[in-house]
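Number of protein chains: 2
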Amino acid sequence: MISFSKSDIENLPHIQKINLINSVAGYKSANLIGSKSEDGNTNLAIFSSVTHYGSSPAILGFVVRPTTVRRNTYDNLKTTGYFTINSVCEENIEDAHHTSAKYPKEISEFDKTLFEEEYRNKFYAPFVKKAPIQIGLKFLEEHHIKANGTILVLGEIVELFIDKYLLEKDLFINLSKGKIATINGLDGYTVPKNPKRFPYQRPK
Amino acid sequence: MISFSKSDIENLPHIQKINLINSVAGYKSANLIGSKSEDGNTNLAIFSSVTHYGSSPAILGFVVRPTTVRRNTYDNLKTTGYFTINSVCEENIEDAHHTSAKYPKEISEFDKTLFEEEYRNKFYAPFVKKAPIQIGLKFLEEHHIKANGTILVLGEIVELFIDKYLLEKDLFINLSKGKIATINGLDGYTVPKNPKRFPYQRPK
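Protein chains in written order, with this note's numbering: chain A, 1 to 204; chain B, 1 to 204.
One chain only, chain A, in its complex shape (with noise of 0.2 angstroms):
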């Protein structure tokens, strides 16, 4: 095995420390964030921190740099207090990567990508259209990390949008039917197939 200490991991070039530590911690969710600023100019960002932190009620995290271009989404939830998260799929990954590019916030990703805008049942922020899972959500709260400025945004689900067929009975939703994606360190996404589900575990 090769080894890095904390001093190791400080001392490499930047591409090579994103790039690694964007990977140790396995596979990542990846969402694109819609939002609206109150001026009307809408937001489309890839995240892929989307994070579950309870059922009950059913609340999302996720983090942002404040430095970076999804700022804008940031400033649009905390201004509109709305957001919506939605899933990428095989056929459009190459669209939702080219949101991670710097776009002033007057331009809207959804003029430079294939992605459409769609508003459901009066909710400020726009939804990808055609996306298999399209999830609005409330701002909630938010928690600055004293490390390193990063800020982990919290938001309640208040609509929810689930393709039939990726529904099972029990609820649970088999991402895989959607050809949902995930995503490996900064860059790679791939689509997994067929779930395995393994029981309730008790002590044996």
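Don't take every hint at face value.
[What the hints assert, rightly or not] Chain B regions said to be covered by chain A (calculated; three or more residues, Cβ under 8 angstroms): (1) 20-28; (2) 190-202.
[To be verified] Listed next, the in silico PhoX-like pairs over lysine-lysine satisfying Cα-Cα at most 25 angstroms (straight line): (3) B:K146 / A:K138; (4) A:K130 / A:K169; (5) B:K17 / A:K196; (6) B:K193 / A:K17.
Just so you know, the hints here were simulated from the structure itself, not pulled from any lab data.
Virtual Cβ for every residue (Gly too), placed ideally from N, Cα, C.
On the provided structure of chain A, position chain B as indicated by the hints.
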């Protein structure tokens, strides 16, 4: 599409609710967190919430519910300051999932599964022997989520061991070469193949 409002979600039977909300955000990382109490009891528990928080310094976070068995992990890392994160591979998914059973803290999951403890460089917490990625972390900070009492735990990577054949030249870790698993929902596991990598994006 099937739609769920906030109250539709709240009113679902418990099992359906946790299946649905644990699946909506897409694929999750599959990791075993190893820890050891001050009096030497080891603990190993599966987590699907390990998330990248930064590369410089190298920070990972995960979510604990104070009411579950995984509380042992939290107690150990808080009292000793150290824990490990180890990847889950195809051949040991079943044992990894079994660590979710609620064992009393005196019983080590290392004794109830085929996983073996491995100690490296005098690091206090046990690594999982043969895991292709083994990460040693020092506790950094914690954030208490007001909405539901869960806790975000952050640690800094201080030791890192990776199977050589997973690493590409630019230090991208090709997870598929280690047959590393990802989690769908609460209990679905799948092993993705060959990631496709995309270049760094600029406005077009």
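Below or equal to 25 angstroms on CA atoms is what counts here, so check A:K130 against A:K169.
holds, 23 angstroms
Do the alpha carbons of B:K146 and A:K138 lie within 25 angstroms of each other, as the hint requires?
holds, 15 angstroms
Do the alpha carbons of B:K193 and A:K17 lie within 25 angstroms of each other, as the hint requires?
holds, 24 angstroms
Within 8 angstroms of chain A's CB atoms, at least three CB atoms from the segment 20-28 of chain B: coverage verdict:
Holds, because 9 residues of the segment 20-28 of chain B bring their Cβ atoms closer than 8 angstroms to Cβ atoms of chain A.
Starting from B:K17, check that the Cα of A:K196 is at most 25 angstroms away, please.
holds, 20 angstroms
If you look at each residue in the segment 190-202 of chain B, do at least three have a Cβ nearer than 8 angstroms to any Cβ of chain A?
holds (count 13)
In terms of the numbered hints stated before, the structure departs from none.
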